[in-house]
Amino acid sequence: MTMIKRTAILFGFAALSSCGTPEYQAEQSICAATWMNRIPPRMEQEVYTKTETREVPTGRSTCTGTGNTMQCIQEMKTEYYSIPAVRTVDRNEAQRDVQIRACTVKVCQEKYGNGECKPAG
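If you read the sequence shown in numbering that gives the first Met the number 0, its first letter stands for residue 0, the second for the next number, and so on.
Keep in mind that a hint or two might mislead.
What the hints assert, rightly or not - Quick list of simulated restraints, FRET-style, between CB atoms:
#1 Glu45 - Ile72: 55 to 63 Å
#2 Tyr80 - Asn36: 39 to 47 Å
#3 Thr57 - Ile82: 20 to 28 Å
#4 Glu51 - Gly120: 48 to 56 Å
No lab work stands behind these hints, which were simulated from the structure alone. Don't be surprised by glycine CBs; every beta carbon is placed ideally from N, CA and C.
Could you build all of it, start to finish, from the sequences and the hints given here?
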């Protein structure tokens, strides 16, 4: 498994486990491990249009003078531009995430009587 795949998978797990009770996160982790095997990552590179910004001069300046010295500052504006770029995506991520969520809610429902794994009390 490449470093890019590992990094993408770790970010996916981090995103999945960012909310909920510790019990929910534990069940989610178990479901994620199961569904990572059933629907493994399918990493592909895709070309997309990336938007970037840069500061460009407006053609105007603001000048102030003190004694014999003149200080001019060029006014700038933000310009947006697009460039082609390549990113690596997991084509199975959305399908796998749905299964992980469904699995987690089902297990929580069975163990705790609710979909959030909130203990009684």
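Against the structure, the hints:
1. At about 42 Å, the beta-carbon gap between Glu45 and Ile72 misses the expected band of 55 to 63 Å.
2. Separation of Tyr80 from Asn36 is about 43 Å and conforms to the stated range, judged on CB atoms against 39 to 47 Å.
3. A C-beta distance of roughly 23 Å is found between Thr57 and Ile82, which places it inside the suggested range of 20 to 28 Å.
4. For Glu51 and Gly120, the Cβ-Cβ distance of about 52 Å falls inside the hinted range of 48 to 56 Å, so the restraint holds.
The structure fails hint 1 only (numbered hints given earlier).
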